[in-house]
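> In case you want the letters, here they are:
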Amino acid sequence: MGANSAAFAQSLQTWIGAGPLWLWALVSAAAVIFLLALPFGGLATYAERKISADFQDRIGPNRVGPWGLFQIFADLVKMLAKEDFIPKGADRFLFNLAPALVVIGACGAFAVLPLGRQLIGADVNIGILYLFAITTVIAPGLLLGSWGSQNKWSLLGGMRAAAQIVSYEIPVALSILPVVLISGTLQVGLIVDQQGWSWASSAAGTPHFWNLFHNPFCFLSAFLLFVGGLAETNRIPFDLPEAESELVSGFNTEFSGIRFGLYALGEFCDVFVMSAMVTALYLGGWQIPFITLEQFLFPIPSGLIALIQFTVFLLKTLFLVFVVMWLRWTLPRLRVDQLMGLCWKGLVPLALFCVFGTAVWMWVFGGRSIAQLIAGFGG
Amino acid sequence: METGFITIFWYLVVAGLTVPLMLLVGALLRPRQRNVGRSGAAYECGEDPVGSPWVKFNIRFYLVAIVFIIFDVEIAALFPVATLYKKAVESGSAGLVFAEIFAFVGLLLLGLMYCWVRGDLDWVKGIAQARPVK
Numbered sequence: 004m005g006a007n008s009a010a011f012a013q014s015l016q017t018w019i020g021a022g023p024l025w026l027w028a029l030v031s032a033a034a035v036i037f038l039l040a041l042p043f044g045g046l047a048t049y050a051e052r053k054i055s056a057d058f059q060d061r062i063g064p065n066r067v068g069p070w071g072l073f074q075i076f077a078d079l080v081k082m083l084a085k086e087d088f089i090p091k092g093a094d095r096f097l098f099n100l101a102p103a104l105v106v107i108g109a110c111g112a113f114a115v116l117p118l119g120r121q122l123i124g125a126d127v128n129i130g131i132l133y134l135f136a137i138t139t140v141i142a143p144g145l146l147l148g149s150w151g152s153q154n155k156w157s158l159l160g161g162m163r164a165a166a167q168i169v170s171y172e173i174p175v176a177l178s179i180l181p182v183v184l185i186s187g188t189l190q191v192g193l194i195v196d197q198q199g200w201s202w203a204s205s206a207a208g209t210p211h212f213w214n215l216f217h218n219p220f221c222f223l224s225a226f227l228l229f230v231g232g233l234a235e236t237n238r239i240p241f242d243l244p245e246a247e248s249e250l251v252s253g254f255n256t257e258f259s260g261i262r263f264g265l266y267a268l269g270e271f272c273d274v275f276v277m278s279a280m281v282t283a284l285y286l287g288g289w290q291i292p293f294i295t296l297e298q299f300l301f302p303i304p305s306g307l308i309a310l311i312q313f314t315v316f317l318l319k320t321l322f323l324v325f326v327v328m329w330l331r332w333t334l335p336r337l338r339v340d341q342l343m344g345l346c347w348k349g350l351v352p353l354a355l356f357c358v359f360g361t362a363v364w365m366w367v368f369g370g371r372s373i374a375q376l377i378a379g380f381g382g
Numbered sequence: 325m326e327t328g329f330i331t332i333f334w335y336l337v338v339a340g341l342t343v344p345l346m347l348l349v350g351a352l353l354r355p356r357q358r359n360v361g362r363s364g365a366a367y368e369c370g371e372d373p374v375g376s377p378w379v380k381f382n383i384r385f386y387l388v389a390i391v392f393i394i395f396d397v398e399i400a401a402l403f404p405v406a407t408l409y410k411k412a413v414e415s416g417s418a419g420l421v422f423a424e425i426f427a428f429v430g431l432l433l434l435g436l437m438y439c440w441v442r443g444d445l446d447w448v449k450g451i452a453q454a455r456p457v458k
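If you read the protein sequences in the order shown, they are chains A and B. Heads up: the first sequence is residues 4 to 382, going by our numbering. Heads up: the second sequence is residues 325 to 458, going by our numbering.
It should be emphasised that the hints constitute simulated quantities derived from the structure, not laboratory data. Built from N, CA and C at the ideal position, the CB exists for glycine as well. A portion of the hints provided could be inaccurate.
[Said to hold, decoys possible] Dumping the calculated EDC-like pairs for lysine to aspartate or glutamate here, alpha-carbon to alpha-carbon at most 16 Å: (1) A:K91 with B:E371; (2) A:K348 with B:D444; (3) B:K411 with B:E424; (4) A:K91 with B:D446; (5) A:K348 with B:D372; (6) A:K53 with A:D78; (7) A:K91 with B:D372.
[What the hints assert, rightly or not] One-sided and incomplete, this derived list gives chain A residues near chain B with beta-carbon spacing under 8 Å: (8) W25; (9) L355; (10) F359; (11) A362.
Go ahead and model the full structure; you've got the sequences and the hints to work with.
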């Protein structure tokens, strides 16, 4: 475990040669945040507008650069150059602190995302718990920002955000439990490792297929995790905190310029983290079905393996991000009471049922997945 | 093991520094005009705001928060047990661990049903349902 706990930093050290490990840890952190998290946030704003346009049979941004692709730079310059406005009577300290909390919560979670076997920032043995803890920092970010901005609509939005994020934390945590039951670890890298596939899989403790297909209860709880994640990230149909038709713009009404940009960036990074979580826990992370890259027909250099794994992980995650944007134009927004009802009376009992079901399945079938059972009958 | 947490520390530091950095870049880039022709009051909904938003109002949040804390603590306690479950299945003592999980989750479920029957999970409480304070 010790050898793998800072995989990305160690890979960098091996590939380049010299330098202390803590320095490479810093480099890896800066690389992931500045080359993945923040650019993703920028590109996602463009993608969201373009995808929205496609769904509504519009053209979308198409003026700046090819296909309007440079729109994000235009937006960035516009936000940076806009007046830095803090309303009179606002709580300046909280107003400044709030976007920082959102960005820390969203970007900090990237540390344990399994971007590839050699590219995990920190594969610590409390990975999943850390993921929970750090994404929860976003809730006080929204609440404090709304309280500090001297605006009644914002405050209502912030209260909704707090209640919603806190409530949906429960089904999300419960729908991760089946994966923990199956894999017996909280280390995200190991969980992905166990979802690999190998044709020579007759030995005990064989790798089985994606956790999504481990048993029927897992299949259900993957969807629960996704729905809960939608609510955690305040996406439509759960975007009550910013419900623009009732609360002007909710918790971020008073935020303009780059502060609003940071809020938006944090929210999009949070969507990425949520999708990456579903990908890593249920959709096999960087694993390609039926292929083990390390034991391929011909040896692949480790740098290329890292690149392929990263691409596969990114493709799966971006597909889920696309589904999130797709849902935005498919479902209407819920009412507050429906939202809380869905969580406590719908998702929580279902998630508990899935935990029970998986535990019973593990007990009855000795921890074997459906694929392993079928393979067992065949042989 | 420590390097993992050092990496996490760096992630938090870099993420935390991003925000002041962006604000600084913005401050250097933008023209120096402040509050030209405006009162500087909160936008709210376009009109001048009336009164302070910092008032007491019924946020229907207290019970949800209590239920959340109880659930979250139980789940936090459930994670270590769940981690051991696979080993227990392999060594054949799954029954014991399952009984533990069952007791834990069963208690959770009972508590949830209690809250449900009491109507604590309803966000909007009608006038007919309201209980007078004694």
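> If a hint holds in the structure, say so; if it does not, say that too.
Here is how each hint holds up against the structure:
| no. | hint | in the structure |
| --- | --- | --- |
| 1 | A:K91 with B:E371 | holds (14 Å) |
| 2 | A:K348 with B:D444 | holds (11 Å) |
| 3 | B:K411 with B:E424 | holds (15 Å) |
| 4 | A:K91 with B:D446 | violated (37 Å) |
| 5 | A:K348 with B:D372 | violated (41 Å) |
| 6 | A:K53 with A:D78 | holds (14 Å) |
| 7 | A:K91 with B:D372 | holds (12 Å) |
| 8 | W25 | holds (5 Å) |
| 9 | L355 | holds (6 Å) |
| 10 | F359 | holds (7 Å) |
| 11 | A362 | holds (6 Å) |
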